[in-house]
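Those protein sequence lines, which keep their order, are chains A and B. Just so we're aligned: 68 in my numbering is position 68 of the first sequence, and the numbers increase by one with no gaps anywhere. Just so we're aligned: 348 in my numbering is position 348 of the second sequence, and the numbers increase by one with no gaps anywhere.
Hint data in this document are derived by calculation from the structure and do not stem from the laboratory. All the given hints hold, so there is nothing to weed out.
Negatives, chain B to chain A, calculated, CB over 10 Å:
hint, residue
1, ALA262
2, TRP311
3, PRO340
Stretch-level coverage of chain A by chain B, calculated; a stretch enters the list once three of its residues show a Cβ under 8 Å from a Cβ in chain B:
hint, region
4, 7 to 20
5, 55 to 68
For glycine and all other residues, C-beta sits at the position ideal for the given N, C-alpha and C.
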Amino acid sequence: MPELTLDGRPLLVAPGTTVAAALLLGGDGTSRTSVSGQRRAPVCGMGICQECRVTIDGQRRLACQTLCRDGMRVESRP
Amino acid sequence: MKVDILIIGAGPAGMAAALAAAPSGARIAVLDDNPAAGGQIWRDGPQAHLPPLARDYRQRLEAQANIEHLPATRVVALAGPKALLVEDPEQGRVIEYDRLILCTGARELLLPFPGWTLPGVTGAGGLQALIKGGMPVAGERIVIAGSGPLLLASAATARDNGATVLNIAEQAPWSKVAGFAAQLPRWPHKLLQSFGLFHPGYRANSHVFEALGEGRLEAVRLNIGGQLREVACERLACGFGLIPNLQLGQALGCHIDNGAIAVDAWQATSLADHYAAGESTGFGGSEKALVEGAIAGHAAVGERNAAQRLWPQRQRWHGFATALNAAFALRDEVKHLARPDTLICRCEDVPLAAVADHQGWSQAKMASRCGMGACQGRICGGAAQALFGWQPPVPRPPFSPARIDTLLQLGADAHSQA
Ligand SMILES: Cc1cc2nc3c(=O)[nH]c(=O)nc-3n(C[C@H](O)[C@H](O)[C@H](O)COP(=O)(O)OP(=O)(O)OC[C@H]3O[C@@H](n4cnc5c(N)ncnc54)[C@H](O)[C@@H]3O)c2cc1C
Ligand code: FES
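Whenever a hint applies, use it, and build me the whole structure from the sequences.
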């Protein structure tokens with residue numbers, strides 16, 4: 001089972017879990033803050049809306065199309 | 001990298017195309033932006049249950065030595081004649097091809113309504129995809145709204161994973177939904193798949209009015225057959241049917257007709273050596289995608305007899321697609337749910353008031369930044385087309401946000417070709 005950190009907290013998830021799912025498993029499910037300051041969460045689940053973009057190991061990535069891996073660092077808050 | 005046949009999209013259409021073309025010995029690559037093959041309907045994950053047919057296609061794809069599957073790879077830009085710049089988590093690179101098959105599928109049509117940006121609101125197919133990827137919904141109260149058989153599929157996935165589905169609000173009138181259901185015995189397999197999932201909370205002639213909550217969804221106000229009703233819930237999944245993903249076809253210069261990539265009987269587009277199959281040529285479900293993909297695969301390797309043998313089967317699923325699209329056509333009410341302060345562009349937080357008075361998409365974009373954000377107008381452009389009839393402009397690269405080192409490859413490549 002991969003263990004990642006989500007906003008600094010450790011989280012153990014089932015193999016094959018997307019980072020989008022991890023956001024709710026280990027937090028409130030939100031992924032980013034919009035330009036006017038609203039918290040947002042994944043919407044389309046399929047790589048279109050870009051609402052799920054988070055920072056993974058220092059890179060901007062889509063949470064819904066990224067699988068959780070051991071040692072991954074996910075940040076949802078700037 | 002250079003291949004004989006490059007296939008964009010590893011859903012049912014892309015997999016069928018690859019498997020049909022493979023016996024010719026051609027060198028084939030199938031790229032897809034998801035981590036696993038399967039597309040929308042056969043999406044894998046910890047909470048997904050793949051049907052045997054999906055497993056069979058995936059195993060055969062893996063087993064073919066001349067098919068290379070490139071997962072987690074997206075198309076970033078055109079890189080010259082018959083060449084595309086692509087990016088995966090590790091690298092950016094140019095793939096040259098001799099023939100291309102576009103199997104880019106469809107996305108959900110998301111229409112704006114007050115509160116649709118609240119966390120807890122997702123697409124209908126979106127909810128299904130997120131659950132399959134492991135998102136927990138056990139114990140949640142869920143409202144599903146929008147249009148089409150996907151609402152029922154999404155409800156079934158939510159229920160199977162421990163959620164309570166309170167309501168399913170279908171915007172189409174009863175007469176049309178019932179008429180569609182009555183035709184379903186013509187496609188017996190589909191009967192099981194969609195209307196076998198009938199739910200006691202299902203209401204036609206109904207739609208979402210607004211989503212309510214402070215910082216996250218707390219309740220939904222529904223219009224059920226003309227009566228407003230407030231329902232407390234943790235989640236709202238709302239999608240108004242599917243729209244073909246055209247961006248790449250459009251950028252390549254393929255002729256677009258009626259919101260879909262136009263193809264002839266061989267699934268060939270208006271551009272020589274470029275084919276298209278599946279939902280990108282029009283919404284119609286996985287059986288249509290499979291048969292169109294196989295025809296495109298055969299045609300792309302010159303096996304016209306094999307392709308032609310599949311025409312009657314395609315005809316049958318085109319009949320289903322026509323019935324589906326007629327039954328779930330959008331009613332005017334659902335195009336007027338947004339209020340002046342409702343955000344239309346979720347990327348740049350642009351409200352309806354800032355775009356509604358413009359003549360067309362380009363003007364609105366210039367004045368308000370609507371459509372200039374990360375999704376490149378894939379969400380708000382689809383909505384603006386439904387709401388105002390604005391034609392989406394030809395997309396500009398990068399087609400999706402890309403890393404600088406990937407884009408630099410394009411410069412290097414352009415220089416070496418110059
Ligand atoms: C969210 C969602 C859920 C659905 N659920 C169901 C269901 O439960 N039952 C059902 O019968 N039908 C469902 N459908 C309908 C479904 O689209 C079809 O049944 C079937 O999956 C269509 O097959 P396809 O191969 O044409 O397209 P898809 O299955 O959509 O496959 C296209 C693939 O191409 C990828 N892609 C697109 N553009 C690019 C690009 N530029 N670069 C890289 N990759 C790209 C996509 O990510 C996708 O994986 C769903 C559709 C959506 C949008
Ligand atoms: S949820 Fe829409 S892109 Fe990830």
